Every structure is written in C-alpha cells, then in structure tokens.
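J.: One letter stands for each residue in the lines below.
6 protein chains.
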Amino acid sequence: MRPSGRKFNQLREISIEPSILKHAEGSCIVKFGNTHVICSASIDESVPRFLKGRGNGWVTAEYGMLPRSTKERMQRESSNGKQGGRTLEIQRLIGRSMRAAVDLKVLGERQIYIDCDVVNADGGTRTAAITGSYVALHLAIRTMMDKKIIRTNPLIAQVAAISCGIYKGKAVLDLDYAEDSAAEVDANFVFNQKGNLIEIQGTGEESDFTTEQLLEMLKIASDGCSELFRLQNQVLLQL
Amino acid sequence: MRPSGRKFNQLREISIEPSILKHAEGSCIVKFGNTHVICSASIDESVPRFLKGRGNGWVTAEYGMLPRSTKERMQRESSNGKQGGRTLEIQRLIGRSMRAAVDLKVLGERQIYIDCDVVNADGGTRTAAITGSYVALHLAIRTMMDKKIIRTNPLIAQVAAISCGIYKGKAVLDLDYAEDSAAEVDANFVFNQKGNLIEIQGTGEESDFTTEQLLEMLKIASDGCSELFRLQNQVLLQL
Amino acid sequence: MRPSGRKFNQLREISIEPSILKHAEGSCIVKFGNTHVICSASIDESVPRFLKGRGNGWVTAEYGMLPRSTKERMQRESSNGKQGGRTLEIQRLIGRSMRAAVDLKVLGERQIYIDCDVVNADGGTRTAAITGSYVALHLAIRTMMDKKIIRTNPLIAQVAAISCGIYKGKAVLDLDYAEDSAAEVDANFVFNQKGNLIEIQGTGEESDFTTEQLLEMLKIASDGCSELFRLQNQVLLQL
Amino acid sequence: MRPSGRKFNQLREISIEPSILKHAEGSCIVKFGNTHVICSASIDESVPRFLKGRGNGWVTAEYGMLPRSTKERMQRESSNGKQGGRTLEIQRLIGRSMRAAVDLKVLGERQIYIDCDVVNADGGTRTAAITGSYVALHLAIRTMMDKKIIRTNPLIAQVAAISCGIYKGKAVLDLDYAEDSAAEVDANFVFNQKGNLIEIQGTGEESDFTTEQLLEMLKIASDGCSELFRLQNQVLLQL
Amino acid sequence: MRPSGRKFNQLREISIEPSILKHAEGSCIVKFGNTHVICSASIDESVPRFLKGRGNGWVTAEYGMLPRSTKERMQRESSNGKQGGRTLEIQRLIGRSMRAAVDLKVLGERQIYIDCDVVNADGGTRTAAITGSYVALHLAIRTMMDKKIIRTNPLIAQVAAISCGIYKGKAVLDLDYAEDSAAEVDANFVFNQKGNLIEIQGTGEESDFTTEQLLEMLKIASDGCSELFRLQNQVLLQL
Amino acid sequence: MRPSGRKFNQLREISIEPSILKHAEGSCIVKFGNTHVICSASIDESVPRFLKGRGNGWVTAEYGMLPRSTKERMQRESSNGKQGGRTLEIQRLIGRSMRAAVDLKVLGERQIYIDCDVVNADGGTRTAAITGSYVALHLAIRTMMDKKIIRTNPLIAQVAAISCGIYKGKAVLDLDYAEDSAAEVDANFVFNQKGNLIEIQGTGEESDFTTEQLLEMLKIASDGCSELFRLQNQVLLQL
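Going line by line, the protein sequences match chains A, B, C, D, E and F.
Take 29 as the starting number for the first sequence in the numbering used here and just add one per residue.
Take 29 as the starting number for the second sequence in the numbering used here and just add one per residue.
Take 29 as the starting number for the third sequence in the numbering used here and just add one per residue.
Take 29 as the starting number for the fourth sequence in the numbering used here and just add one per residue.
Take 29 as the starting number for the fifth sequence in the numbering used here and just add one per residue.
Take 29 as the starting number for the sixth sequence in the numbering used here and just add one per residue.
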C-alpha cells in the first residue's frame, strides 16, 4: 500500500498550463501532484564559445528551487554564492534530455535556454521539469517557426521523464516525497515517443537491486511516459 | 496620456492570491498588472549571530527574479556566483519595510524570512514585493498564533508600497515598464496604515526634481497605498 | 540638545583638501568633522560593454572603508570575497549622483571612475563621499580640458549631499555617529546648485514619519547643501 | 572492430598498486590502460553537521584531475574558483558507491574521506576511481581495525565499477577515450560482489537506446566487474 | 646616476605621522618619498581557531592598495572577488615580520591585526608598510599597557624594512618606481634593531646575481634600516 | 645530529623519472626523499592579455597538493573555492624561476604552463617542484624543437633549487618535515648552472639570523644545486 493510496503503476494527477510567462518564447507550469515547476525556453542568437562558427546550435538548461518550495526553507543558491552539486547534476540531465529532442544542425547557430524553477517540491522535481521543459521547448520552436527565424522544424523527438523506485520491495511509479525518502532504490527514466530510452539513472544507496527489479521499473516507467506524451500533446494541440 | 491609458493616479489591476506555497507558514502571489511576485514568510527558530541571547527577533528578506521574468533572459544569479547590487538594494528595502510592521521584542528570539521571487516583471517589482510580503508575513504570524508558538501578536503596523514617477513632467502612479524606462524621476514610497512614511526613495537620474513635484508624488502614493491596504485586508479577512 | 552641542541646522566643520593623490586626474580628501573620505576621479578611455559604440560616456563609482575606519575593526571586503549590500548600495548612489553632474554625450565614449575610500568613519560617510566626489570629478574634467582630451566642458550641474534625521522628535542636520545610531529617522539628500533634488532617501526603521517632518528635513538639507556648494567652489577656485 | 583491437567484452589491462601515499590510512594507484587514478581513504574523527550526535558515520568523496591529465591542458579548478558540474557529479557518484560498501552504524560517528585524483585520463576515469577507491577504503578500514579504532568490521559489500557503451551499434566494455567520444550510448555500472547493482547511469545523447541494448551492456558490465573483484582481492590478499 | 639624483645608499625623504586614525589602538601614515601607506594595529580579544585554548597570542596582517594609488587605476580587489597573489604574498611577509617583534606567549590569547593601505604608490610599498606597521604595533601595545589589558610588555624586537636592487650593475637603496621597474635584481630586507636579519627576499628575474652583489645590498640595507630605527624611535619617543 | 642521520650538507635521495604523463609535452615525477612532485610543462599557443601582440612569450606556473599528500588531510582548494596564500606564493616563485631559464623573445608569442602537483609532502616541496619543473620545461622545449614549432632553442639557463635552514644553530641542507618544523630559520635558494642566484628567500620567524649564517646556508645550497644540475642532466641526456 502506497502512502498516497495510488496503485503501483499510477501517476499522480498531472497538469500542464502553457504560456504562463509574459516574455518567454515558450513556457508552462507543470504539476505532478504537489510538485510544481515553472519551465521556460528562451531563444538566444548566440552559442557557447566552443561552438562558435560551426553552424550548429545548442540547448542548455538551468534548474533552481524557490527557497520555500521545500519543507524547511533552503538557503538561496545566489546568496550562497554557488549552485550545489544536486542542482548542477539535475540541470545537466535536463540539458542532455532536451538536446535529444532537437536536431542541432537544423536549429542553426543559436541557443535555446531552458529554465526550470521549482515552486513547490514533493518528490520528482527533475522528471516533472523534463516533462514540462519539452512543452516549453516545443512552444519556443513554434514561436521561431511563426516568426520565420527558422524554416525547418528542428524537433526530432518528443521527450518525457518519470521516476520509479523500489518501495517496500516493490517497483512503484512517480514517487512523492513520502515514498522517495523511504524507498530502497530510486531511479529516473527519460524516454522518447518511440519508447526508447534517452537516459536512465538508478541508485541503490539503501539497498542493491537486481536486473529483474530494474526491468520492473523500466516497464512501468515506459507506460507512465506514454501517458505523459498524451498529456503533452493534448496541451500542445489545443494552442 | 499614459501608455496604458490609465489616469495619472490610477493603480494597475491588483490581485493577491494567498497560500499558494504548500510548505510556507505564509505566502501569496501578488499581481500588479503584468508584474507577478511570489512572496513567502518562513519561521526560523534561530536569529542572526549579532542578536543571539538578547531575546529579540528579526525579520529579513531575500529577492530574486526568475531568469525569464524579463524581456531578455537575465543570467541566473546563482550561476553568476553572486547577487547583484540591485538585488541586494531591493532585499534590504523589503527587510526594513517588514521590520517596521513587527515588534521584534514581542516576536521573541526567532526570525522570519521573507522571500520574494519575481515570476513576471513589468515595472514596480519591489513595491509589489513589499505589498505581497506584508500578506505573507501576516499569515505566517497567524500560523504562529494558531500553533501557540507565540501568545501575543507582534504585528504593530500594516505596510504597503507603491511607485510613482514624473512622466512627461507630471506625477503618475504605479509605473509599468513602458513608463518606468521613460520617466524623468522614479520614486518608491512605503507607507503604514496611519498614512505615515516608512521609507521614501526618489531618484532623478534623467532630471532633477523640485519639492513641489515630490509632494505631488507623495500625495498620489499615499492615496494609492490606502487602496492597497483595503485589498490586503480583503484577502486577509476572507481566510 | 545635540550630543555635539551643534544647532539643529549646523554642519560639522567641513574641509576639502584637493589633489592629494599623486596619480589621479582629480582627487581630494573631504572631512565632515571626524568623517574623512579620500575621493578620486580616474579617466578610462573605454566604456562598459552595454555602451560600446554609442558615442556616450559613463560615470561609475566604487566605495570602500579602511578596515579600521570604524570603532570595531571591520573585515576587509577583499578578503571576505565580496562587497556587502551596504557598500553596493552606497556606490550605486554615488554613481547616480555624479552622472547627474555630467552630460554623458559631451563626455564622449569614455568613462570616469569615482573611488571613495573612508579613512575615518563618524556618520555621514556617503554624503561626505558625494560632496568630495564632485570636487574630484570637477578636477578630473579640468585635467581633460587642459590636456585637450575633450574640448567642451561636460559638467552640467554642481552636486553635493548631506544627511538629516529626526533625533528626539526634531529634524537635525549632518548627523554624527552618536546621533545617527539613536535617530528615529535617517535621510540623505543630494541636491544640485539650483536647489533641486537629485536624490532623496529616507528610512524610518525605528519610527514612521510624516510629510511635515520630511519637509522640515528637506529645508535644512537644502540650506546645508548651499553651504557645501560654497565650500566646494572655494576649493575649486583657488586652484 | 574496436580502435584498441580488444574484444567487445574485454577489459583494458588493469593494475592496482596499493599504499602509494605515505600518510593516507589507505591508498592505491589504479590503472585501466592509460587511465591512471590515485585513490586515498582518510579517516576523520568528525562527521558533517547533519549527522552530529547520531552515532552514525559517513563516507564522502572528492574527485579532481591534474591539469595535464588530458589531451589539452584543463584549467585548474582551484584557480577557477569552483568545481565544475562534471566533477561534482562524479564525486557524488563515488561517494554513494562507497557508502554502499559500509555499514555506517558500525563505522561509528566518524567519516572516511575518499579522494580520487586523475593523473592520466583516457576514458573511464569515474569507474576506475570507484574500483580503486574500494581498495583504498578497504585498506583504511584495515588500518582502523589494526589500530583498534573500531572493533567490528563495517565493510558489508565489495564494490567495483565499469563503463559500457554502444559503439557502432554494438555493446562494448570499458571504453577508452577514442571509443567514448564516438559512442552512441555511454553507460556506467556499479556492482557489488553479489552481482547486484548499486548504481546505473546510461545516456544516449547521440542516439536513443532500447531495453535490449541496455541488457546487453548490463551483461558484459556484470562479467567485467567479476574480473575487477578478482583483481581487487588479489591486491588486498597479498598485503 | 639614479633617476632621483640620490646617492646609491641614500633613503628617500622619510616621515611617520602617528595616530592618524580616530579609532585604532595604534596607527600612523608612513611616507617614503611619494610612497604613502596608512598602517594600523587593532586589538582583537580572540585568536584564530588553530590557537584556541593554548594561551598564546597572534599577530596577522592585511594589505591593500587604494585603486588609484597607482599610475593606472587598479581594479578594486573587493569587487574582483579576491585578493591577488601579490597582495597575499605581501601581507604574509608583513605578518611574519611583526610576529618577530612580539613574544606571543606574553601577549596572551589575543590577536593584533595589522592593516596596511597604500594611498600613493611609488615603489617600496611593502618595506614602507613594515616600517610603519612597527610604529602602529608599538602604539597599540602601549595602549594595552596603559589600559592594563596586559601587565608585561610583549615587544621583544624593533623591526624595519628596506628595499635594495641592482640598478645598472650597482647596488642601490630604497628604489622608487622608476628604478624598480628598470632594476636587474630586486630585494627586500627586514632587520631588527640588533642588525640581524628577520627576512630576506631577492629576485633576479631580469638577471642572475652573485654572492658579492647580495652582500653589497645587504650592507646598504643594514645601514638604511639603522636610519629607519632612529626615525621610528624619534616618533615613538615624542608621544 | 639531524633526525634523518644525514650530514649537514647531504641531500636526501633524489630521483627524477621523466615523461610520466601521457599527454604533456614535458613531464616528470621528482622525488626528494619522501617528497614526491609531478611536474608538467604544457605549450599553449596564446599569451596572457598583457603580452598580446608584442611577439614575446611567457612561462607561468601553478602548484597544488593532493589532499592527502600531508599528514592530516588538507581541504581541496577547488572545493574551498580559492587557492591559499601559500599556494599562490609558491607558484609565483616557480614561475619566476622558470622564466629565468628561457629567453622569452626567442620563445615567441606562446606560453608554457608549468604544473606542479605534490603527491607526497615531507618538506621542501617548492624546491623539489622547481628542480623537477626545469626537467619538464626542458623536455617540452625539446618537443617544440622536434616538431619544428620553434627553430632556435630558447633555453638560456639551467635552474635548480634547494632549501636550507638553521637547525639547532647550524646550517643544514634539504630539510625534511621533521627538521623544517623545528628549524629556527628556513631559506630557499634558486641557482642557475653558473652558480649565480636566481632567487633567495630566507625567513627567521622563530629567530633572527646573521650575515654569517646566511653565507653558510648559501655555500651548502650552492653545492647542493651543483649535484641537482648533475642529476637533471643525467636524466635529460639519457632520453
């Protein structure tokens, strides 16, 4: 029995409200239960130094949490003077996942900045962030097409992510904080719409895990992402 | 004629939605037209070092902007490694304004952390932040009273703030970004519910200003804050 | 009765010794009683990035305190790794005030760096710094004219600043540390030689204040600055 | 055909030279082909703040690269003023992996610091670091037992790690830099001696991957780690 | 022939004005020609962590330059975010030199902070700083004796410093900037009143140097410091 | 009697193993007894900003210690966020010493980066680092000549360094940690192959020292460096 009463393979209530930022080329607020993340995609007509003059584009991401998104107030990373290891790890993951959605050659020598800011945190912020970032990215590219900044659509994949865990010996989907903090194994899966993996990260700090358990998690994660793809499309089609 | 079509002494449409953060003792999102700020108040059962052992409390504030709250994406201060001068200046102002609302002796040796995070910026973020912070602060103190953490209410004043400017030679209230960037003089006023000043800041970088112009601004700011006190109370009474 | 025995509208003894730095284009040490500040103006033949190629100049300021300018030794900001909020706030104020003295178009695409370093602190360092900075700025511009770096004088206003406060219920001028730390209200006024305001900052952290009190302070500040303009001119004319 | 001529499931030549640091409680230099990492384990009789007074121990890790361990000289992170995201990600992984080897309750309120410094880098530095860190950790615990700092051995698992990738469509083991930079999919596996997973990380930035491909990699990684366990034991038994 | 017309073993005009800082326990401004340094000594009733509870005192130093003490304006180290290597090197030298003047056991568990701030720089700032710091230190210890903070005088040596160089093949004393920047060898000597060495630093970046040249410099440095001891005593006796 | 049983003018066992880094243009590991330092020289086809466009080259150095090179684990400077004063002082010394070996005009507009990383520390790391850096530098220049990056050999001197001290009243050579921490005077000497000085640094924090003692140290240091030149050449000739 899960703390939330959900079935082992049941997502929390998911919603995606698009275009909530006045200035961003693409944005949304994504909610996985009580986890709420503002995602935006910003177009920047320059690229990082290492890409200058090659004609290729780039997609990068930054992640932050509002100080009181958490149970105890966290110190603001800007006043702390640096981003923590967890923050850097998550934003690198979001960046890789979004680059998997875009043909960087077709994008051309420009950059898309993804920003994910957590307003309320209740477990699974990174997978919610990826799922919302895809919507923001998609909308930003639509803006670029509408404004004829680019002629060819550089989107090559639809991307979503979900967490799984081994909780009391059993694979469960989309852990909230109560489960997450008690789970033996914690894993995150990023899929594309073909059902193939973009990224997998699994950690058994409290307990090791077997290939069978990994496959159990993989199965319900894959199904969960199918549902997320449906929700993303529902939002993107209605605009 | 103002760009927005408003009268010289007319506020933008103001709304305050309370308790939007799951974990904070007090919170709201305040909207002055297209300027949207999430404000929270967090109780911390310790005080800064310089106050240890004196029995007095403290109220402090931090301010930040989501990278894409602005027309051009701003660099995230946490990745930049420090808070800029404007950020520090604003959060010091918010902190002083909120301390004017609280009897720190009655609060006892604990601290209230105010966090203001701008989601959308269209001028007047600091005055919107102060106006919303008072609501978050009030709710956090209500939480403390309900939980019997304190027995006596430490609130001694109601506080709100509004910007004014000299725009095309005339005093106008609550400038949006279009006016703000073209105004000759820019001023911010923090009032308490008695109509007395808590703080005044006026800058004439583009033009000097006279005592008469200062008094014109002061008059419409005072009236504007009366309206803000009414709106704060409406929200606080309905809870 | 003021701790120093001065009348409510009486300045401390003021002196300005010009050209005390061997290398600077303009410099002085300004003394308001026991508050001593070294001010310099340095010409830099480049401008900040945001102004490149526009033909306009810039004036900016930095402020610091010698570690033992204060009663208790302060930590050196360079060894602390950053400038504090108060420092940034003050140097932004000095920069704005000095820009109000200069036609940046006439200055041309170059920058004047104002540096204010407090040797002894006894209240009112920021207003002493502004008053001294104008002298340093004036001398630096004279150097530029003498060296024919510019042909037209870009000075458009004379600028001075003074602090006021409400001390035991009454407006007083040019507070020293003893008064400053006990005052109910603390305000700083920057004027130009026409008697118009460049900047006003008033804070009532210990007590609110009325429009009448603000006007009282404004009146004695305006008179105090007239005296400061006379002293600045006396120094500038004798060179 | 692999660039190195190795079979798809063949490790590079591996060696582990123990006790190369004069002062460390445990240390080794581990070599996976041309990837050389100095690993040390240091005993610290204090714990991080969040563990104070709970009686539990901690294991943490730090990772660095000599500036010229790489083809192009890298900027030294200490002169750069911060550790990069990749560094933090890797040292967090090493820390989690080593904690999986230790019963933190039995360790008692003390900390073991793992340091991994890359002398030569040719792909797979993080997995070499984990494999070597286990040896350093084991030796440090042996030191603690010998010195009677602890009476019960807190080691609960043997840990090793190896990288795999999909290179030209096929799963290959222990990628060197030439393969790593051309691989479609890059994954790292941390196993314990029971053949169970401690951690899995797989990224398909250049290409997505299927469950079947994941299982292929998992299989050869598991076999590779068996060989690593044998080599670790060979070193540890001869001391 | 020296640029300044001085003899090879002739000091610049030296002056020491004591007690120029209102708050410091000991202070002076020392002038070696156009090199002017404000030195202060501050008593701190705590010691660095590594000395806690041992009963011994400590003397430490910090050094800084006003941004426009130099020909070209230097970036302020506080706004740069760190002290440069040259600054750290110099303040470590000053600290060691002052510790050589004090019996740290007799000083007791407290610390003396030396601050040296260069107002005008024309070569030899570090040796001027040491020479002035001794005066500030001496005065601070006199303050401690007068206030009966300590009963026994902890001063065990008088300390002064001077620079020498090989300029056009010949040893010269107390180089100004014109000589310093053209000298083949640059050296600094710290002596005590017995004529013994506390510290020697000699660098031949432009040219190597022989033992004979070193001894030549040593001789005139020793004589120069005798003169500095006389000047220090003259100042200290008249107070 | 020295703790190590060595004669007063006897070096520790010295060895230099060249070319231990796979990627560096020149490298070695140098051992002075239990002090082991990895030195590398890297060619960089650009120069620091202050040298751009002048046709001259540059040699610079960085120094670091592995966290567990010391008896107690040191905090990693990269995680500490900055290099300490001792580190900066040492790397500036290494840089100056290596520049004395090279004609920067002949080197041409490029830079050689020297990196010294201490693996085991037992006193004298900076002098070992200089002695090893010369070998790395020499090998890197040989690489440049072999690759015809330069046609003329820019080496103008051979450089080595050794420490001396006054230990129990007597001058001794090449102090290990046991002696170093108990010595009254500590000095470092950098010589070229002509027997002339490049740099001298002597500190008497525990005790002053006389010219005679300085000369005693100078004599045995000079003889010690002759031996180091022989060892360097032996290594360089066999390659």
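If you are wondering where the hints come from, they were derived from the structure by calculation, not from laboratory data.
Some clues are possibly wrong.
A pair counts as met if it fits within one copy or between any two copies, since identical chains are not told apart.
Only pairs whose alpha carbons sit at most 30 angstroms apart, straight line, appear in this in silico DSSO-like list of lysine-lysine [as the list claims (entries may be wrong)]:
hint: 1; residue 1: Lys59; residue 2: Lys198
hint: 2; residue 1: Lys198; residue 2: Lys222
hint: 3; residue 1: Lys222; residue 2: Lys110
hint: 4; residue 1: Lys99; residue 2: Lys175
Since we're looking at a predicted model, the values are computed, not measured.
J.: In ascending order, which of the hints set out earlier in this document are inconsistent with the structure?
T.: 3
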